[in-house]
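Chain order of the listed sequences is E and A.
Residue numbering for the first sequence follows the numbering used here, starting at 1 and increasing by one per position.
Residue numbering for the second sequence follows the numbering used here, starting at 1 and increasing by one per position.
All clues given are correct.
Listed below are the simulated DMTMM-like cross-link pairs for lysine to aspartate or glutamate, each with C-alpha atoms no more than 20 Å apart in a straight line: (1) E:K54 with A:E98; (2) E:K54 with E:E20; (3) E:K107 with E:E17; (4) A:K28 with A:D71; (5) E:K54 with A:D95; (6) E:K66 with E:D91.
DEER-style ranges, computed between Cβ atoms: (7) E:G41 with A:K70: 20 to 30 Å; (8) E:G1 with A:P8: 30 to 40 Å; (9) A:K26 with E:Q14: 39 to 49 Å; (10) A:G16 with E:R58: 39 to 49 Å; (11) A:V53 with E:Q22: 34 to 44 Å; (12) A:S65 with E:S26: 23 to 33 Å; (13) E:R58 with A:D95: 21 to 31 Å.
In case anyone wonders, no lab produced these hints; they're calculated from the structure.
We treat Cβ as the ideally placed atom computed from N, Cα and C, and that holds for glycine.
Single-letter residue listing:
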Amino acid sequence: GQQVQQSPASLVLQEGENAELQCNFSSTATQLQWFYQRPGGSLVSLLYNPSGTKHTGRLTSTTVTKERRSSLHISSSQITDSGTYFCAMTDSNYQLIWGSGTKLIIKP
Amino acid sequence: AQTIHQWPVAEIKAVGSPLSLGCTIKGKSSPNLYWYWQATGGTLQQLFYSITVGQVESVVQLNLSASRPKDDQFILSTEKLLLSHSGFYLCAWRDIYEQYFGPGTRLTVL
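With the rest of the complex left out, here is chain E:
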């Protein structure tokens, strides 16, 4: 079946550093979405990026469909960016296939 893999599993940075999160998927049909989950909280949709580069605030996502990968770049990280970041792709039945997440810890 279709799979989504994320790396790294965890990432510890100092406040102000940039974060780079990776997502690899098994299908070229992506419909890829990035989510953020605060500890103990719900999921927030960050970016929908099926291909190309998209920006919102300090976030930049680049999806290269033919290489089956997507990245999420967080510039000038803040302590409040701490949490878990998931990528997910929509399959042909409109179901989300989830990565296992990257736990991001930003230290002061």
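Place chain A on chain E using the hints.
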């Protein structure tokens, strides 16, 4: 704008007791709705989805059931809770390819 609500916010229940969790979406007609479960520190597991009133498809049941009694309402329930039902339950709606999530219900089964 669409808003999605879940109730209750949190529940503490005894093993063997019944459970009913609710989800309501406003501002979207005939939404596709989803139930997910997340164990503490784990990834998300899709449980059910519904594309219309009265129709629910099961992905993974986990001894739970779901119903869609109204266009804007999705209910998750069981008659007998298990310890393994503890976790975080999330309802979501789909807009073409994107999904948006409710605030979630945290369930503790003792």
